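Position chain B against the provided structure of chain A, taking the given hints into account.
The residues making up each chain are set out below.
2 protein chains.
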Amino acid sequence: MSWRSKGDDGRRTNDEGRRSFVVAVDLGGTQIRVALCDARGNIVKRLAIPARATEGVEAVFARLVATMRAVTDDWSRVRGIGLGAPGTTDPWRGIIFEAPNLPGMIDFPMKARLEDEFHVPAFIGNDANLAALGEQRFGAGRGVANLIYVTISTGVGGGIIANNRLFLGARGFAGEVGHQTLEANGPRCNCGNVGCLEVLAAGPALERAAREALRAGRASQLRALTDDDPSRVTGALITQAARAGDALAREIFARAGFYIGLGLVSLQHNFDTELFVLGGGVAIHTWEFIYPTIQKTFDEYAMPSMRRGVRIVPAELGDEAGLLGAAVLAGESMSQ
Amino acid sequence: MSWRSKGDDGRRTNDEGRRSFVVAVDLGGTQIRVALCDARGNIVKRLAIPARATEGVEAVFARLVATMRAVTDDWSRVRGIGLGAPGTTDPWRGIIFEAPNLPGMIDFPMKARLEDEFHVPAFIGNDANLAALGEQRFGAGRGVANLIYVTISTGVGGGIIANNRLFLGARGFAGEVGHQTLEANGPRCNCGNVGCLEVLAAGPALERAAREALRAGRASQLRALTDDDPSRVTGALITQAARAGDALAREIFARAGFYIGLGLVSLQHNFDTELFVLGGGVAIHTWEFIYPTIQKTFDEYAMPSMRRGVRIVPAELGDEAGLLGAAVLAGESMSQ
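Those protein sequences? They're chains A and B, same order as listed.
Counting from 1, one number per residue, gives the positions in the first sequence under this note's numbering.
Counting from 337, one number per residue, gives the positions in the second sequence under this note's numbering.
These are calculated hints, taken from the structure and not from any lab test.
Listed next, the stretches of chain B that the computed footprint assigns to chain A, with coverage defined by at least 3 CB atoms under 8 angstroms from CB atoms of chain A:
#: 1; region: 493-505
#: 2; region: 510-518
#: 3; region: 608-618
#: 4; region: 635-644
FRET-style restraints, in silico, Cβ to Cβ:
#: 5; chain 1: B; residue 1: P523; chain 2: A; residue 2: R311; range: 27 to 37 angstroms
#: 6; chain 1: A; residue 1: P314; chain 2: B; residue 2: K381; range: 51 to 61 angstroms
#: 7; chain 1: B; residue 1: K632; chain 2: A; residue 2: I284; range: 37 to 47 angstroms
Just so it is clear, the structure is predicted and the values come from calculations on it, not from any experiment.
Ideal Cβ placement from N, Cα and C applies to all residues, glycine included.
With the rest of the complex left out, here is chain A (with noise of 0.2 angstroms):
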């Protein structure tokens, strides 16, 4: 990068053996994390504060340098850094286009900003390929050198690894896995598309079903747990319905479990893939419903040359996914 003059150049080899350390951070929409990982990305120290979104983009920038100021005394060890921001951003120029919840942060170089403040190269990603990233090496993905994560809670996400790398598209923004069509006549998605995979999967579709199923006049023990106020129907409480038997709750997962093994039948026939790493609440927190119809699914409609040996898998990662991915970047893209 540009901090060093011309003449340090032994300095800066002997400097680099120092720089074992990088800075990962995952800027979301109400909580921005920042974690010190070293080269096995291990966490050595992590902090985390509110995002404070509404209060501008340059509040929320100046409470992140903070942040990560606090995060290590000794920036000589940090060889980069790697960020994951929620929404469309180019990965080669780091730039963040748009974070629908990070109002005003359009167009923003945070690449070139975080370099002009840590003076250590920086790496910028959509949080959910960060995830795929974290995964691949670190969690359920070890090993495997393709794979795709889809992350199923109040959206439906992902990130796809082929051959070992992010694979990106032509500007960086592939695997948006939860806007493609399963129902052409279905409901409109939030992102303009109609019948997408998040629109009929993700937490707020199977929450729309209970209620409409309870309005309907359906039996469930679902009742009891609203007061009978179908408004009050949570994604916690369809869980908790589906654990005590319920047959809506475990109907509706089941539903879900459908169009999610449908959305990876379309990615194995596009991909060819490996395997699949499944997380988001939605994911994680009803794997015991979701997961029987999703492989039933795969192995009902797949091709069966190409569904032979994939797998489908819950992730390991947790919330963990996303900062590993980005150390991940930040260590990676500087040793190509």
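Frame of chain A; chain B shown alone:
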């Protein structure tokens, strides 16, 4: 490869300079086409023979070899062989796992068999993948690093070029773009999946839609064109009716265009490409009727950030795409 002794490195260097041709093969279920091509993709000589697939694999292979011998009498000037096969292939080991239109061609070691015959490196690929490569190098995708080729005829196939290379997936099966679900409750496809792009928008789907409408009593010029016998409906007749302004025929193409457009939206969200090249009989012969709906659907349903600047164009090379792609494969695999 294996046929030169270790001592002739000097001769090999001279030899390579003279080796300016490749032999490209398009191994179809009905026809085998062989071409001698120069490095710029010009076809110097071409031959075609019927495949006569029912005579069995060894008979087909013997005719293939004889035709390749006939395309040039100076094999010392041939650098390599590229062959496109219909079906699933292992592009690294050059094995044809299964080619539905070539009965008995199962786990066939095409690369090894051709190298044994011709003592020249041979490279094998899926036919739609090679057509994508042909269009990218010599056709509608010249100069574009990222594109998705979709061929729509009796089936829907495809090939994905990412960063100037074929995207092959873990085992070389990627790009089965015709087999992504668009209607979870739609008809079952031959591939085993439900509501695939292929079962909704390929030629047979259009004919089925026309027949069903006629049987349901719908007025259409197709009645006269088929002597009021719905079983006589063909794609050519639907196209003829559409040209004459027939409302039913135009509706059928618009419906196909809607599904194709939705398929491209899903592909765009997954792959973030720059260009869609549409080939195959249905796309090319009915472009004027399907393209407007394809483009309209893409514009309406793809995320604004992801559709910006993305173009949808007809293929330029027709039947030549696969043959030229095989030539590219032979030439470039060797120089890597």
